[in-house]
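Take a look at the letters that make up each chain.
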Amino acid sequence: MRIGIVCPYSFDVPGGVQFHVRDLAEHLLGQGHDVSVLAPADSDTLLQDYVVSAGRATPVRYNGSVARLNFGPVSAAKVGRWLERGDFDVLHLHEPVTPSISVLALFAAQGPIVATFHTSMLRSRTMQTAYPLVRPSLEKIAARIAVSEDARRTVTTHVGGDAVVIPNGVYVDRFADASRRPEWTGTEQRPTVAFLGRGGGAGKGRPVVAAGLPGGVQGLPGLGVLVAGPGDPDAARDGMPPGVADACEFLGAVSDEDKASLLASAGVYVAPNTGGESFGIILIEAMSAGACVLASDLPAFSRVLDGGAAGRLFRNEDPADLGRCLLELLRDPAGRRVLADAGARRARLFDWSVVGGRVLAVYETLVEGRAAARAAPQPGWQRFLRGGVGR
Amino acid sequence: MTGLATWGFAALFVLVLVGWHLSYTAARLDRLHVRLSGTLAALDAQLVRRAEASVELANSGLLDGATALLLADAAAAALEAPHESGEQRELVESDLTEALDVALTDEVVAGLEASGLLGQDYLGRLRSACTRVQLARRFHNDAVTDVRRVRRAWVVRVFHLAGHTPLPGTVEFADEAPTRLGA
Numbered sequence: 076m077r078i079g080i081v082c083p084y085s086f087d088v089p090g091g092v093q094f095h096v097r098d099l100a101e102h103l104l105g106q107g108h109d110v111s112v113l114a115p116a117d118s119d120t121l122l123q124d125y126v127v128s129a130g131r132a133t134p135v136r137y138n139g140s141v142a143r144l145n146f147g148p149v150s151a152a153k154v155g156r157w158l159e160r161g162d163f164d165v166l167h168l169h170e171p172v173t174p175s176i177s178v179l180a181l182f183a184a185q186g187p188i189v190a191t192f193h194t195s196m197l198r199s200r201t202m203q204t205a206y207p208l209v210r211p212s213l214e215k216i217a218a219r220i221a222v223s224e225d226a227r228r229t230v231t232t233h234v235g236g237d238a239v240v241i242p243n244g245v246y247v248d249r250f251a252d253a254s255r256r257p258e259w260t261g262t263e264q265r266p267t268v269a270f271l272g273r274g275g276g277a278g279k280g281r282p283v284v285a286a287g288l289p290g291g292v293q294g295l296p297g298l299g300v301l302v303a304g305p306g307d308p309d310a311a312r313d314g315m316p317p318g319v320a321d322a323c324e325f326l327g328a329v330s331d332e333d334k335a336s337l338l339a340s341a342g343v344y345v346a347p348n349t350g351g352e353s354f355g356i357i358l359i360e361a362m363s364a365g366a367c368v369l370a371s372d373l374p375a376f377s378r379v380l381d382g383g384a385a386g387r388l389f390r391n392e393d394p395a396d397l398g399r400c401l402l403e404l405l406r407d408p409a410g411r412r413v414l415a416d417a418g419a420r421r422a423r424l425f426d427w428s429v430v431g432g433r434v435l436a437v438y439e440t441l442v443e444g445r446a447a448a449r450a451a452p453q454p455g456w457q458r459f460l461r462g463g464v465g466r
Numbered sequence: 015m016t017g018l019a020t021w022g023f024a025a026l027f028v029l030v031l032v033g034w035h036l037s038y039t040a041a042r043l044d045r046l047h048v049r050l051s052g053t054l055a056a057l058d059a060q061l062v063r064r065a066e067a068s069v070e071l072a073n074s075g076l077l078d079g080a081t082a083l084l085l086a087d088a089a090a091a092a093l094e095a096p097h098e099s100g101e102q103r104e105l106v107e108s109d110l111t112e113a114l115d116v117a118l119t120d121e122v123v124a125g126l127e128a129s130g131l132l133g134q135d136y137l138g139r140l141r142s143a144c145t146r147v148q149l150a151r152r153f154h155n156d157a158v159t160d161v162r163r164v165r166r167a168w169v170v171r172v173f174h175l176a177g178h179t180p181l182p183g184t185v186e187f188a189d190e191a192p193t194r195l196g197a
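Taken in sequence, the protein lines are chains H and P.
Going by the working numbering, the first sequence opens with residue 76, and the numbers climb by one from there.
Going by the working numbering, the second sequence opens with residue 15, and the numbers climb by one from there.
None of these hints come from the bench; they were simulated from the model.
A virtual CB, placed ideally from N, CA and C, is assigned to each residue, including glycine.
Hints are not guaranteed to be accurate.
As the list claims (entries may be wrong) - Some chain P residues near chain H, calculated using beta-carbon distances under 10 Å:
1. 46
2. 48
3. 52
4. 55
5. 58
6. 60
7. 145
8. 155
9. 156
10. 160
11. 161
12. 163
Construct the entire structure; sequences and hints are all you get.
Right, dumping it as structure tokens:
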């Protein structure tokens, strides 16, 4: 199958949508399909050979944050050329209501279109003003995919109709096969706790950890806390009691490989996010690596952890509960192993072999329907109207 | 005289604008109807595939006689139903969904999985057909929603832009895949 995928966000900077597009494309290529990805990228960004650059992206404020997007007549012409050259059986657009190349491709494209909605935080004001403009184009989308229940709710309230929920995928084996690092691995009685965060961004819950850790650290002297992710360690140490700050080891930004090793080595992975995350991909990565997961009880996290069967949930934004749950887990190696095993089994459901298969089923349903409808006899006047152009 | 000409041009301009809007809306509606015929054909194809997979499983000799008979009956009814969507077809498809759910108990699925490649192949095909029926029905109902919304617009009704194409209705039947299939 010839598949064209459009990513609206620049490949210059990492991000959830970009990773999703990259992993999906690589899975489909592995299945023997012909895949081309169109994405904004700077000329000096190193791109995989299946990615076509739509030109340099401009940082713009949209939907409450700054995104690097691509727009304007030059981009529109580039998108048109890419579509023409690609002659795709299926066109898969990501975030079709972002003012970038996805919407340009939507305007220009004919033929079967699949769209994936990632965000659960579309502002309704933007939607209300933009809708009359994009609605006729949105009608071209024959299949809508949402990556989470929250994203699906956004589709049903703002776009109308429904969407099939197909979650984000993870290459489970990359995490399951990750090697352990002795310096990050604790003992049965003194395990290590890992925490990954992108600095002090809102919603990432670092203050909750800082407030919840004393409970864990004071209950178990010698506990090692590994904190990975960019951010200033000194700023993070401020406000922690001295004993807690000493137990923390700040690793800074880590590579993908180190992240997998860290998750594989750690006894407990803590996800204290307080909100904003529509999907817990990092939880699945931790589960794949065999870590026991302790996460806040956000609806998305609770769904990933199967309501607490595949990982422990604590009350969101409640440091005392976090401290208590952490201590319980740390003192109970057998319970940890049960949760970690259940998590590793559940993570398989999110492997790309499963998720990619479901995306492919969407493509095939669409393409077969199109072919069957075209084969069916049409009234003479319709044939006359559409002539040889046939669509 | 110039006043008259101005009015004439203004009227012409409005006429052209109205004409453009009409042709634009007609094209938009036509595109939606094409999408609709595609999703309907897909749904029909997937339903036929599901019924065929059920018939094959029933005739495979891997099921006990009673289960096989039950499944074959529901699947045959689904295959014989008129291919146009309608209440009758929705009923037989719901019946097939129910028959599959009743037939594929834990023991039956485990037995088929253990019976070797053939049994796994039957299960795999049934699993894939069941998920695709769900996908196709959802996509079709989405298309129906879009078509109905555009056809409610006054231009479409006043100028009869939809022609004689009947107003589509959503297709409603139980399409849950049997839980033990793990689809």
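ask   = What are the numbers of the hints the structure violates, in ascending order?
value = Violated: none.
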